[in-house]
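Number of protein chains: 2
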Amino acid sequence: MSKEIPYKIYLEEHEMPKQWYNVRADMKNKPAPLLNPGTKQPMTLEELEHVFCTELAKQELDDTTPYIDIPQEIQDFYKMYRPSPLVRAYCLEKKLGTPAKIYYKFEGNNTSGSHKLNSAIAQAYYAKKQGLKGVTTETGAGQWGTALSMACSYFDLDCKVYMVKCSYEQKPFRREVMRTYGASVTPSPSMETEVGKKILLEHPGTTGSLGCAISEAVEAATTTEGYRYVLGSVLSQVLLHQTVIGLETKIAMDKYDIKPDIIIGCAGGGSNLGGLISPFVGEKLRGENDYQIIAVEPASCPSLTRGKYAYDFCDTGKVCPLAKMYTLGSGFIPSANHAGGLRYHGMSSVLSQLYDDGYMEARSVEQTAVFAAAEQFARVEGILPAPESSHAIKVAIDEALKCKETGEEKTILFGLTGTGYFDMYAYESFHNGTMSDYIPTDEDLKPGFDSLPKMD
Amino acid sequence: MSKEIPYKIYLEEHEMPKQWYNVRADMKNKPAPLLNPGTKQPMTLEELEHVFCTELAKQELDDTTPYIDIPQEIQDFYKMYRPSPLVRAYCLEKKLGTPAKIYYKFEGNNTSGSHKLNSAIAQAYYAKKQGLKGVTTETGAGQWGTALSMACSYFDLDCKVYMVKCSYEQKPFRREVMRTYGASVTPSPSMETEVGKKILLEHPGTTGSLGCAISEAVEAATTTEGYRYVLGSVLSQVLLHQTVIGLETKIAMDKYDIKPDIIIGCAGGGSNLGGLISPFVGEKLRGENDYQIIAVEPASCPSLTRGKYAYDFCDTGKVCPLAKMYTLGSGFIPSANHAGGLRYHGMSSVLSQLYDDGYMEARSVEQTAVFAAAEQFARVEGILPAPESSHAIKVAIDEALKCKETGEEKTILFGLTGTGYFDMYAYESFHNGTMSDYIPTDEDLKPGFDSLPKMD
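Chains F and A, in that order, give the protein sequences.
Read in the numbering used here, the first sequence has 171 at position 171, and its numbers run on one by one without any break.
Read in the numbering used here, the second sequence has 1345 at position 345, and its numbers run on one by one without any break.
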């Protein structure tokens, strides 16, 4: 007889993962290396540690070590807000009338409101250990900046956040959370950096962009003694830290003999999806088990479903290394979608390679359908989801309704990355019927593709 | 050897309480009965069920049954977001350098952001069971309204919220959360009720008050077929439902052989404090155990520390029954303190009687000191606390620092009722140094005391 599944499965402290899992070690086709944008040669450790903390640069380059110890200090911090619950969505199943069994791993129950804290604390730890004074970063919607502020506050590190100006002005709450944790928050573009001054001279009225904020943060890090730059997604080191999500999920599921048939996650830069699926993909890569894996992205920013697999700049300022990824081109300007965390032109190199090799599929979904799914979920499961997370909810509901038609009792697992408390303007526009469903035409995508670097 | 205490203690589902505890049953001096404001006679069941659901009216009057079964449907809903964690504040202890052991019961990890959901779901359940179409209520800061919206959505009940107009305009996020859960939210005073029209005629520019919103909600409930009025605090039925907080805490502590020396909670209408302390006070009343219990209130609205123990109106509109309580008088206008949930002129009759009988003490604290404690707590414990909850944090830190001086290893327990995500304007004014510390003079208190009803 199988054990009765509780509404929420929490691991005990002694069951929590003590190592991260590096899925690259099990990949036959390794993700392509980061390239120096000038020489087009693979970035060396020496080059990377100019920008990143040394230990993190090593993790970025390491595609052979399958398990990497989680330092005790990070494990201790994880205990403050982890394990996150694996929730059986009994109420949603009942509402849908589906024979499918739905589970979600909920990462929103911490003050940063999302999974971002898992990597922020790791990056802050290595920065502190290296004896640095502080770190710099950029933030758009603010989830990453909030998470990093919390992590830096814990380790008593300076935290300098360049926040896209329009978010700085429109999202004062996020800004104040960061200030509560002692971070300095600068609207970008600013007069504090050369690149910021240049952009302000050329475009005096600009409200900023993520690409510009990245450039400012990198410049601030590389020109200030004792500082390094940190990033919340896309990089392989970030995916590595985020595997704590998937590892906890796997342990909890194994404990109750649950095997997911379908695993679903939203994908912006790939940090959450990569973290959730890594241990499952590892089994798939080693031929031990099979899972259907679905990456969900906004129809307005469809890097996997409509992008090209090519080397590209990670930032619009073109100061970062080149990464091979599914991309719309760094010159692509995403529309003002409310899922700010998914408005990125590219995708993690690890996920791009897995997708190209057929280990996962991808779907794009439209905004109002996503908010309708979010509201349906909120009303029965209680949790008010972030717009980003709601992309995964939408596809999970779609799959559960397919099971209702076919009668299949599939087990569906999805990642619920965060809460939407700071996204109520988006919900308001959904309620008021003013939300749009922009899908770029092929013509709209052209400038992005034209911006791809020539690699000859 | 005592067991090692984890950072967070979660009960398993089968350990969760199946009954609420009615502390009135163990009180020798019962709380004074509610009185009909016209006849000054105790309210009968018949009178109460005109306004409240019948089962809730019975719970309001029942001061003899010690344990009351939690209906299975409510237990199922509790499983969606409970048990809430009992957290050992290791990081705060370390930061303070105190030998005290600090625990907090954290009620903020649900979308309503606070403990209010514990009673909202119970009240919605009884309304549904009675075959009602819907319920009405008022909300100020919006935590109660949000919780009730969630509960009504779950049971498919109409939910009509009268929201104090200035909050409606200044807190659009809370309003949108309620709308997400399908509630109708009306700025109060409105033209929908007689009392609203009357007030708007007399004071055309008014931004509303809680007292006025209560009057509108009661009128709407009593003049609309199939509706009743529900309330989020003060009433004994609410305290009863909130004992799930204290019961879970007690079970978790007993499991690890922990006995608190001091128990601390913030007190507005008393719902959280009453819920947390009830099982402990029960032992105190029965002479089985002793605990120091501290109610914390804002210096700007000091009902316990500077109020009178007297019969008073529960609302400024004077339409509700009279309750005997520690009160500043329904005519007292609290200043614009940021802890909206603590800006109530009175206090639960149960807590008032316990306080009068010496079973608990009370302290008042000033606003900027509260926010300083909140920020200190957030930085080490990760959680961004609500201003209300931070009153308890302030006194817990004070007590822990006393232990540091004396070397005593006291065990301190406090209630962390909710999160401050929707209170960032308050944090902003703290950061900007524009927060004030208003304490009413005796002269300021006089109009409130003068408004107390003559009881002859």
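Honestly, the hints are just simulated from the structure, not real lab data.
Built from N, CA and C at the ideal position, the CB exists for glycine as well.
There may be inaccurate statements among the hints.
Claimed, not checked - No farther apart than 25 Å at their CA atoms in a straight line, the calculated lysine-lysine pairs in the PhoX-like style are these: (1) 1259/A <-> 255/F; (2) 129/F <-> 1094/A; (3) 79/F <-> 1128/A; (4) 1128/A <-> 95/F; (5) 101/F <-> 259/F; (6) 94/F <-> 1008/A; (7) 1133/A <-> 79/F.
Unchecked claim - Here chain A is said to cover these stretches of chain F; the calculated rule only asks that three of the stretch's residues, wherever they fall, bring their Cβ under 8 Å from a Cβ of chain A: (8) 7-13; (9) 34-42; (10) 76-83; (11) 206-220; (12) 312-322; (13) 370-379.
Against chain A, does the segment 34-42 of chain F show at least 3 residues with beta-carbon separation below 8 Å?
violated (count 0)
Holds or violated: are the alpha carbons of residue 129/F and residue 1094/A at most 25 Å from each other?
It holds: about 20 Å lies between the C-alpha atoms, which stays within 25 Å.
At a Cβ distance under 8 Å, does chain A reach at least three residues of the segment 312-322 of chain F?
With 0 residues closer than 8 Å to chain A, the segment 312-322 of chain F misses the three-residue bar; violated.
Stated coverage of the segment 7-13 of chain F by chain A [criterion: 3+ residues, CB within 8 Å]
This one holds; 5 residues, not fewer than the three required, reach chain A with a Cβ under 8 Å.
Establish whether the coverage given for the segment 76-83 of chain F by chain A is satisfied; the threshold is a Cβ-Cβ distance below 8 Å, and no fewer than three residues must meet it.
n = 3 at 8 Å, threshold three: holds.
Mind checking the alpha carbons of residue 1133/A and residue 79/F for me, to see if they're no more than 25 Å apart?
Roughly 44 Å between the alpha carbons, so the hint for residue 1133/A and residue 79/F is violated.
Given the hinted pair residue 101/F and residue 259/F, is their Cα-Cα distance within 25 Å?
holds (11 Å)
Can the restraint linking residue 1128/A and residue 95/F be considered satisfied, given a maximum Cα separation of 25 Å?
At roughly 18 Å apart (the allowed maximum being 25 Å), residue 95/F and residue 1128/A satisfy the hint.
Take a quick look at whether residue 1259/A and residue 255/F sit within 25 Å of each other, Cα to Cα.
violated (32 Å)
Holds or violated: residue 79/F to residue 1128/A, with C-alpha atoms at most 25 Å apart:
violated (40 Å)
Holds or violated: the segment 370-379 of chain F covered by chain A, criterion of 3 or more residues with Cβ-Cβ distance under 8 Å?
Holds, because 3 residues of the segment 370-379 of chain F bring their Cβ atoms closer than 8 Å to Cβ atoms of chain A.
Given the hinted pair residue 94/F and residue 1008/A, is their alpha-carbon gap at most 25 Å?
violated (31 Å)
Violation of the numbered hints given earlier is confined to hints 1, 3, 6, 7, 9, 11 and 12; the remaining hints are satisfied by the structure.
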